[in-house]
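Sequences and hints are given; from them, build the entire structure.
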Amino acid sequence: MSLLLVVVVLFFSSSCSVSSGQYYVSDDCSLVIQSPCNPLSVYAGDMSQYNNSIFYFIGTTNISNYDVNMTAVRNVTLHGLDQVCLIGSRSNKRSILIYNSSHVVFSNMSVYNLGVIARSSNNITITNSLFSGTEAVMTIRLNNPFDVKVSSSVFVHYEVFITYEPLPVCSTELPHYSLILTNVTVNDSRFDLNIHHATSYNLSVIIDHYYSLSIDEKFLTLVQINITDTELIGNGGTSILNSNAISLSNVTVANNTSTGMKLKASIVTIENKLTLRSNAGVVGGGLAINESSQLILTSSANLEFIDNHASYKGGGIYLEETSNSVITLEASNIPLTLINNSAGIFGDDIYGYTINHGNNHFNLTNPNISSTGDVRKIQFCNFTNLKNASDKQIYPGQALKFHIVLLGYDYFGSLNVTDGILEIRDGLTPSSARTVDYVYARPKPNTNCSLVGYKPNHAPSHVIHTMLFTIGTPYPIYWDYIVNECPIGFSIDSLQGRSICACSQSVSRENVTCNITSLNITHNGLLWIGTYDTSTPFNANATNPNACIINEDCLLYCSPNPVTFKLNDTDTQCVDNRGHRMCGSCRDGYSLLMGSNKCGQCHDNYMMIAWIALFAVMGVLLVVLLIALNLTVSVGTLNGLLLYANIVKLYEPVFSRKGALPVLSQ
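So that you can map any letter, position 503 of the sequence shown is 503 in this note's numbering, and since no number is skipped, the others follow by simple counting.
Rather than coming from a laboratory, the hints here were simulated on the basis of the structure.
Don't take every hint at face value.
Stated by the list, open to error - Subject to a maximum C-alpha distance of 16 Å in a straight line, what follows is the list of computed EDC-like cross-link-like pairs (lysine to aspartate or glutamate):
(1) 455 - 419
(2) 273 - 321
(3) 455 - 510
(4) 401 - 374
(5) 377 - 304
Said to hold, decoys possible - Computed beta-carbon distance windows for the label pairs:
(6) 512 - 440: 29 to 37 Å
(7) 74 - 322: 49 to 57 Å
(8) 517 - 461: 33 to 41 Å
(9) 300 - 399: 54 to 62 Å
(10) 236 - 151: 35 to 43 Å
(11) 645 - 591: 16 to 24 Å
(12) 322 - 399: 54 to 62 Å
Cβ coordinates follow ideal geometry from the N, Cα and C atoms, glycine included.
Set out below in structure tokens:
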């Protein structure tokens with residue numbers, strides 16, 4: 001009976017598994033002297049029967065219509081002989097599938113356009129291999145890959161995602177796994193490490209070009225990642241998220257295009273040298289510390305920030321003050337080098353960090369640095385004696401404008417110019433003012449002051465209002481103002497829920513617009529708008545609702561083109577230097593030119609004498625000519641011609657707006 005049982009067991013074992021050994025793989029086995037040799041398709045369907053085996057790849061192996069299935073395999077090695085072999089997919093859609101397996105090794109392989117997906121497997125090793133997505137960006141996805149080693153390998157056009165998630169079954173003991181990446185080069189690729197399960201890691205990585213290293217631990221307290229002797233060069237950016245035990249030692253981050261290194265909700269310790277060089281970002285060019293992150297510097301730390309740039313702020317270092325992110329120095333005189341960093345707006349070298357953050361201070365190798373921080377104080381720019389300053393006065397619809405300087409603390413603890421958000425409050429008194437708006441304030445180039453404007457919504461009155469500015473500190477600044485009645489030509493319009501001075505009824509008509517901000521009136525031409533008596537000067541800012549306004553079509557001497565003017569300068573509506581009511585006369589200082597309806601300035605006395613002498617002589621000659629030709633007025637010959645000429649001359653502007661008629665030019 002026992003013998004029969006042994007026979008049955010051996011039968012089933014032989015039917016389920018091929019004996020361990022060495023196998024050779026090639027698309028053309030006729031050229032292979034070793035045996036057994038078969039195409040990969042012979043083994044790929046179910047490799048679980050080839051446990052404890054080594055597959056030697058020779059030459060080229062192409063996969064077109066099948067995947068390599070490595071489910072429940074043990075101790076299987078895929079090895080390329082002399083690294084001249086390659087395994088690739090013509091369709092870019094085929095993969096090597098590893099599930100619930102252990103001790104799987106890729107060695108000396110060149111893999112092209114072939115994905116790798118591993119789930120719930122352990123002891124996976126990739127060494128001395130090349131993965132290249134020559135036609136498309138391929139994916140290597142490792143989900144819960146316990147005890148993984150990647151060494152001396154290159155990834156080109158590949159997205160590498162390593163994810164750790166909680167185990168489906170709870171364990172009485174805390175599992176201890178490892179992920180070791182040594183001398184790994186990633187070109188034009190992406191490398192993401194997402195950790196949702198407590199593990200221990202030793203990490204040594206070299207990443208070149210395109211995307212960079214991303215670590216996300218999801219707030220696990222038992223994860224320790226040590227990154228040592230690592231270069232992250234030419235990538236999209238390096239991110240460390242939700243991690244509380246990251247250690248960096250002798251790390252260089254350079255030529256990244258989305259901030260050299262970002263810390264979010266993480267605790268990172270610098271054990272030795274950290275160099276960030278020639279990186280670029282928006283907020284933080286070299287290093288951005290956000291979301292309550294903490295950067296801890298040990299006594300042996302050494303930081304270098306060289307040639308980094310931020311398009312907004314913090315060219316070298318950006319520290320997010322609003323989230324209480326901090327930089328902690330465990331010793332004084334830790335070397336900090338800041339050279340040739342720049343920012344588009346503020347903080348070429350440092351933004352958000354001051355020496356007041358702790359008792360230990362950096363040893364600046366270059367003390368001439370540019371730094372500032374979030375706004376801590378505001379003040380008006382143009383007024384030195386606010387007690388004697390007069391109230392601002394505006395019309396409904398006009399904006400109150402103030403020049404305000406925003407100040408933050410620089411690295412040395414002194415106030416320096418910065419930008420920020422201002423809260424605007426409006427009320428009858430500073431204590432009763434309510435929030436009406438928030439505005440972003442930033443000084444113009446080469447100035448320290450920001451122009452801040454707001455349009456109050458109040459009807460005209462003689463009541464004093466208060467405009468208050470605050471940044472949340474106990475020391476706001478404020479200014480009193482009065483809203484006056486609308487000026488001449490304007491009246492209140494409250495149809496849209498706001499009190500605005502618009503065109504008054506006497507001014508309003510088609511194609512006429514009024515701008516209370518500039519006090520300008522605009523129309524399309526051939527129109528004259530003004531007050532009844534222009535001989536009495538008045539201020540366009542004056543308020544007189546009973547002022548008599550003339551608003552009439554004007555065909556003579558008025559501009560046919562669109563006109564913008566103020567009611568205290570109605571002459572702008574006229575042409576040919578004419579002015580006054582309906583452009584009926586010359587402007588002050590001008591005279592009517594002889595033989596023309598135009599007005600000009602007669603300022604050359606000698607030329608005037610010459611013209612008088614000339615016309616005196618010509619007058620005598622004209623009289624002699626008329627007598628000689630018997631063309632006197634008494635005869636009646638000239639009566640018709642003179643009448644016709646006078647009528648045409650009178651209406652010359654209507655007939656010819658471009659200039660005088662040639663016949664009537666003199």
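Going through the hints against the structure:
1. 455 - 419: At roughly 21 Å apart (the allowed maximum being 16 Å), residue 419 and residue 455 break the hint.
2. 273 - 321: violated, 25 Å
3. 455 - 510: violated, 27 Å
4. 401 - 374: violated, 23 Å
5. 377 - 304: violated, 31 Å
6. 512 - 440: 29 to 37 Å: holds, 36 Å
7. 74 - 322: 49 to 57 Å: Holds, since residue 74 and residue 322 (Cβ atoms, about 53 Å apart) stay within the stated range.
8. 517 - 461: 33 to 41 Å: violated, 20 Å
9. 300 - 399: 54 to 62 Å: Given about 57 Å between the Cβ atoms, the range holds.
10. 236 - 151: 35 to 43 Å: Given a distance of about 24 Å, which is not inside 35 to 43 Å, the answer is violated.
11. 645 - 591: 16 to 24 Å: holds, 22 Å
12. 322 - 399: 54 to 62 Å: violated, 29 Å
In summary, the structure is inconsistent with hints 1, 2, 3, 4, 5, 8, 10, 12 from the numbered list given earlier, while agreeing with the others.
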